[in-house]
Amino acid sequence: MITNYTPWSVDEIARRVAEDIEEGMYVNLGIGQPTKVADFLPDDKDIFLHSENGVLGMGPEPAEGKEDGDLINAGKQYITLLEGGSYFHHGDSFAMIRGGHIDLCVLGAFEVAENGDIANWFLGRPQDIPAVGGAMDLAVGAKEVYVMMDHVSKNGEPKIVENLKLPITGEKCVNRIYTDLAVINVTDKGLAVREIIDGLTFEELQAKTGAKLINNT
Amino acid sequence: MITNYTPWSVDEIARRVAEDIEEGMYVNLGIGQPTKVADFLPDDKDIFLHSENGVLGMGPEPAEGKEDGDLINAGKQYITLLEGGSYFHHGDSFAMIRGGHIDLCVLGAFEVAENGDIANWFLGRPQDIPAVGGAMDLAVGAKEVYVMMDHVSKNGEPKIVENLKLPITGEKCVNRIYTDLAVINVTDKGLAVREIIDGLTFEELQAKTGAKLINNT
Amino acid sequence: MLNKITKSATEAISNIHDGATILIGGFGLAGQPAELIDALIERNAKDLTIVNNNAGNGDTGLAALLKAGCVRKIICSFPRQHDSYIFDDLYRAGKIELEVVPQGTLAARIQAGGSGLGAIYTPTAYGTLLAEGKETRTIDGVNYVLEYPIKGDFALIKALKGDRWGNLIYNKAARNFGPIMAAASSHTIAQVSEVVELGALDPEHIVTPGIFVHEVVHIGAKA
Amino acid sequence: MLNKITKSATEAISNIHDGATILIGGFGLAGQPAELIDALIERNAKDLTIVNNNAGNGDTGLAALLKAGCVRKIICSFPRQHDSYIFDDLYRAGKIELEVVPQGTLAARIQAGGSGLGAIYTPTAYGTLLAEGKETRTIDGVNYVLEYPIKGDFALIKALKGDRWGNLIYNKAARNFGPIMAAASSHTIAQVSEVVELGALDPEHIVTPGIFVHEVVHIGAKA
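Chains as they are written, first to last, in our numbering: chain H, 165 to 381; chain G, 165 to 381; chain Z, 1195 to 1417; chain S, 1195 to 1417.
Pulled out of the complex, with its shape left as it was, chain H reads as follows:
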């Protein structure tokens, strides 16, 4: 089969997410792919990155040799702190999340259902060890939840589905999905496609999606 499109790279998805983040927003970037979004945030806007281990105002990676084991993010990577940033304990940090003070959280996902349900914490296979971290708090607590993921799994299975097959992280909490193929809003009327990558048709996108899409491009 001849394809006329090149899926977005992780960097390209991250850049696309970053474009939608507004000045003044308090943002939590989940572990994994979402962490990349930080690299594409505009330097001239004040956007506040929160890390659930007690940091607000995360800055870029430290220069080599400047790493501090006491200054890490939720993914346990070395970070820096911007001027105006602050430290606080885990209770206060999750008060920020659960209390609805985080404007936006960007999460990775195994699956997203058309009603906004998200599964991203546990595959539930016999060999898996459950480990949730802050995923469930972020899913229910952030004002908006964006998901950033590949459109289909490594086996070509749709990751956007009618109903989750995997254990759920949070109910009806995803507002928007950014994949390597499209940007899709989760609305009361269904999954509204806002943007498709160049060269891919709506019909082709629908074929790779496990739930009905609405063409709003």
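With a cut-off of at most 25 Å between alpha-carbon atoms, the simulated SDA-like pairs for lysine to any residue come out as follows: (1) Z:Lys1289 x G:Asp292; (2) G:Lys376 x G:Asp362; (3) Z:Lys1289 x G:Gly288.
In case anyone wonders, no lab produced these hints; they're calculated from the structure.
Since the structure of chain H is already known, use the hints to place chains G, Z and S on it.
Relative to chain H, chains G, Z and S alone:
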């Protein structure tokens, strides 16, 4: 009637309470009479005074002219802070109280019942305006509750009673009562008199008390 | 560049609407945002629900707000004080609603509001008049009362220093309800004695991170 | 003169008994009280219940405590990490019990433990496997799960500086669970990088007041 005794003054009761406070204790002194206890704490022992408005390590009254409107106690009197003291917000302050971190609280009272019930917040008359402050939190939260009060009311009515007549502040929480006439432990077996002021007999004390006393002097 | 510094108290409180629930910091006068309250009196918003530890002292600040007839209901722990005569008169005349909440329960309900909890079981006030009609539960042999969160449409608080991101530090016991009220309100306005440059507040010492603060107003020392 | 400074880690942990519940600070390695844990391994207490965000990294600290066979059960939010192989093996061999708790619920339960609440309703995990069998309630249209406090017989935490009254300050993101675990435990032991004179810590900057701390052990920088 000839009496052979002089009731303790408020200062004398306060001194008596202070004698029972041990080094290293975290202590909250209620508004009113109990505040006096601070004046009789030994200088050579570290005893930590907590004020529910966010102060630990209260020191003595400031010298004249050194008063600071931002450094007050729960009774809104000017205070000082000892070296090693700290400030914190009301959430943390009541976590200390409710969480059982305060070793001892000394409260004033209208009435104490023989089972340790205390009434000290509201007389409940038509003209009264209810105002509780931190009294209920202290009553249930402190590890030990001492009451400091006159043995009888201004009308000569016993303030130590079988059952409270006034609205309750906290159930079964008083451990010891210091009055101008006696020191009485609240025990599972009843009110055990530990000490009577000079010149007063146990029978005379019993006559001024609305519940049965046990003589453990 | 994000700048939460607002020029005047009048501008800061200009969105406060009739019927709003406002958490006002302070324990007595310590930490009371007097100038923000003055601006609110000028605005003459009506039917306010006020949450504060007290119900006003003397004739100024919160007491003046009550006197101006702006307040429908007050939620507090300790209304009755030697100088709470304005409240006392309104209350006895049936012109103001009062909800008395134990001070620690007030703090805990505000913290629940700020941290997204739906309700909490607290041992305070069990068996008392203040728990009448409330749901209770015995857990591990201790009796608790079910209490619901308090959230503000607005918080008015007073801090010592603030920066343009809304980070705050406080002065001594004037901290009291400020940090927890800031976290529990949709729109928090802080009056500060000093505005400092971003970075001037040590990140280890910031008590209220800017995420909880929406406007910072500089109120200089009184002449 | 009250002095909470204890000479050695060995002495500090000497009262920890078999079957104790121990809250151990740290998020990964940041804030993990490694030397206190080493002393605990030496003591060889058994059947411990450990509360930590993770389940150990590599071969040292908490991981070494697990390897030593001291731990019956671990309560944590994120056991599985790239270097959690010691835990992974024990878990798969059925040699350790695991209670997975969402990180924010872990924090909130610890805070409830420290502040005397009997239970809390949290929205986190509603409808998920982690809420299975738990009581739920809908309040104002939001679904909540009832969660109970976590309290420790002991807390082992790491701070930057401490004084003889037990006042503590932390370093950057190593603060994490330290302050809330200190408050939730009957006996809190803090290892600090520096012991300072009483009064050297500014009362405005103290993060954990000494009321929550029972022993302070100086652990110098590693040679």
